[in-house]
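Enquirer: For reference, the chains in residue letters:
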Amino acid sequence: MRDKVFYLLAAASAALLSWNLYKIFFVLGDEKDQGSIWRIFHFHVPSNILGMSGFIIGMVFSLIYLVNKNLRYDAIAAAITEVSLVFAAVGLVTGSIWARIIWGVWWAWDARLTSMLVCWLIFAGYLMLRRAIEEPIQRARLSAVVSVFGGIDVFIVWKSIEWWRTLHPGPVLTIRNGGGMPPGWQATMYWNLLALLCLAVMLVMVRMRQEGVAREIDSLRRMAHSY
Amino acid sequence: MAAFLRQSLIIAAKDLRSELRTKEALNASLAFSMVILVLFSFAFDPSSEQIQEFSGGLLWLVYSFAGALALNRSFAREMQNDCLDALIASPAPASALFVGKALANYGLLLAVELISLPVFGIFYGVHWTQRFWPLLLVMLLATWALTTIGTMFSALTVNLRLRELMLPTLVYPLMVPALMAAMTLTTDLLGGTPLNPENMIWLRVLVAFDFIFTALAVVFVDTVLVG
Numbered sequence: 001m002r003d004k005v006f007y008l009l010a011a012a013s014a015a016l017l018s019w020n021l022y023k024i025f026f027v028l029g030d031e032k033d034q035g036s037i038w039r040i041f042h043f044h045v046p047s048n049i050l051g052m053s054g055f056i057i058g059m060v061f062s063l064i065y066l067v068n069k070n071l072r073y074d075a076i077a078a079a080i081t082e083v084s085l086v087f088a089a090v091g092l093v094t095g096s097i098w099a100r101i102i103w104g105v106w107w108a109w110d111a112r113l114t115s116m117l118v119c120w121l122i123f124a125g126y127l128m129l130r131r132a133i134e135e136p137i138q139r140a141r142l143s144a145v146v147s148v149f150g151g152i153d154v155f156i157v158w159k160s161i162e163w164w165r166t167l168h169p170g171p172v173l174t175i176r177n178g179g180g181m182p183p184g185w186q187a188t189m190y191w192n193l194l195a196l197l198c199l200a201v202m203l204v205m206v207r208m209r210q211e212g213v214a215r216e217i218d219s220l221r222r223m224a225h226s227y
Numbered sequence: 001m002a003a004f005l006r007q008s009l010i011i012a013a014k015d016l017r018s019e020l021r022t023k024e025a026l027n028a029s030l031a032f033s034m035v036i037l038v039l040f041s042f043a044f045d046p047s048s049e050q051i052q053e054f055s056g057g058l059l060w061l062v063y064s065f066a067g068a069l070a071l072n073r074s075f076a077r078e079m080q081n082d083c084l085d086a087l088i089a090s091p092a093p094a095s096a097l098f099v100g101k102a103l104a105n106y107g108l109l110l111a112v113e114l115i116s117l118p119v120f121g122i123f124y125g126v127h128w129t130q131r132f133w134p135l136l137l138v139m140l141l142a143t144w145a146l147t148t149i150g151t152m153f154s155a156l157t158v159n160l161r162l163r164e165l166m167l168p169t170l171v172y173p174l175m176v177p178a179l180m181a182a183m184t185l186t187t188d189l190l191g192g193t194p195l196n197p198e199n200m201i202w203l204r205v206l207v208a209f210d211f212i213f214t215a216l217a218v219v220f221v222d223t224v225l226v227g
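Residue numbers (the numbering used here), protein chains in the order written: chain A, 1 to 227; chain B, 1 to 227.
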């Protein structure tokens, strides 16, 4: 059953992604002011949405783990956070490429960029912590607490960086979002969100299976040592 | 509640007493903050007028770096002779242990800050006395933010092999909102701007940060230390 879901998701994301790529490059035209670079938004916006929501979902599973201490939830939280970190990185990199063309700089200390980077660093710390702990239960316990601290901090970071930027006058750089797009372009963006969502769920499944196998190997190794 | 307070105060007194006898963390943090203050003078022209514009940022970088040094040792010093196990096994709950340690660290950090503030004033010609009382309020609030996050993560990383590496990686991104608020307010106050409705929002950020993370730490410290 799980295999079937997995291959179904893989097929769906592959098909959707190819169809979307065809549409993005051959059907939709250039944007009036930005030229062809705006196409990157079809990947930039969905990646950021998936990355951000993944961090929050990861925090929820960490909380569930802390309540009922089932290592399965720890594996889910870790898998989701790791995949989200990749999507957040894609969001940051695609944003940076766009900024180089449109703003002329690779990076601007704009509110959203800064918040996203800080979130990325917080959850990168979470994954580094997981690598530093060998004992599975201790790892699950400590990293769940870090995930909860990080998840709550993300909200404060987001809000306060917004205030920080609005209080300081500076170059006003607004990011175009879905609101400014013609309907056909928006639809493609949502289709790509769906494609990337399938991909994300698939990756989370791969990662969870790895966690399960790693736990099994670990317990076998312990058993072998005890003889 | 009275018992909880008494237990916390006993632990705080114990920590401060052993610190005053050895002065290990105090000397190290003070020496380190002096070193950073000297190093800053090479990074930019120390006599320029611009210094007023980022004096708050510099000061809080010094405080957070020197603070991490002291906080790192907070729980690690209990590893010798299994003191940590004895503390956990004592009738005091883990939350009292956390509050006690946090109070001791708070005193230590404030002492280091109050000593390095005049030195900063002398080296960089910053008039820190003109708005001393609001500045003290900001220091009290922001130092508690650093202390509560730092003490919590000191407890979290105490058993890790890579303790010294993990603590700063985890702690600094989480501290971003508090540091941002402290830096903005300190820069304003050192530059002669009083607390006004516009920068009052940062004071609120600090208070909210303190409350949220103190509550979280008190709730989760038991999970971290005992399991």
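Some clues are possibly wrong.
[Claimed, not checked] Simulated coverage check for chain B against chain A, where a stretch passes if three residues somewhere in it have a Cβ under 8 angstroms from a Cβ of chain A: (1) 21 to 35; (2) 47 to 58.
[Said to hold, decoys possible] Some chain A residues judged to face chain B by a derived CB distance under 7 angstroms, without partners named: (3) Ile97; (4) Ala99; (5) Ala108; (6) Leu117; (7) Val118; (8) Ile122; (9) Leu129; (10) Val157.
Simulated from the structure, these hints should not be mistaken for lab results. Source: prediction; values computed, not measured. No residue lacks a Cβ here, since even glycine has one placed at the ideal position from N, Cα and C.
Enquirer: If a hint holds in the structure, say so; if it does not, say that too.
Expert: Now for the hints, and whether the structure bears them out:
1. With 0 residues carrying a beta carbon less than 8 angstroms from a beta carbon of chain A, the stretch 21 to 35 of chain B misses the three-residue requirement, and the given coverage is violated.
2. Only when three residues or more bring their CB closer than 8 angstroms to a CB of chain A does the claim for the stretch 47 to 58 of chain B stand; here the count is 0, and the claim is violated.
3. Interface restraint check for Ile97 of chain A: the shortest CB-CB distance to chain B comes to about 24 angstroms, outside 7 angstroms, so the restraint is violated.
4. Among the interface hints, the one on Ala99 of chain A is violated; its C-beta lies about 21 angstroms from the nearest C-beta in chain B, farther than the 7 angstroms criterion.
5. The beta carbon of Ala108 of chain A comes no nearer than 17 angstroms to any beta carbon in chain B, farther than 7 angstroms, and the hint placing it at the interface is violated.
6. Proximity of Leu117 of chain A to chain B is violated relative to the hint, the smallest CB-CB distance being about 9 angstroms (cut-off 7 angstroms).
7. Because the closest C-beta pair between Val118 of chain A and chain B is about 5 angstroms apart, less than 7 angstroms, the hint holds.
8. Among the interface hints, the one on Ile122 of chain A holds; its C-beta lies about 4 angstroms from the nearest C-beta in chain B, closer than the 7 angstroms criterion.
9. With a least beta-carbon distance of about 6 angstroms to chain B, the hint placing Leu129 of chain A at the interface is held under the 7 angstroms criterion.
10. Annotation: Val157 of chain A was flagged as interfacial toward chain B, and the flag holds, the nearest CB pair being 5 angstroms apart, inside 7 angstroms.
When the structure is compared with the earlier hints, violations turn up for hints 1, 2, 3, 4, 5 and 6 and for no others.
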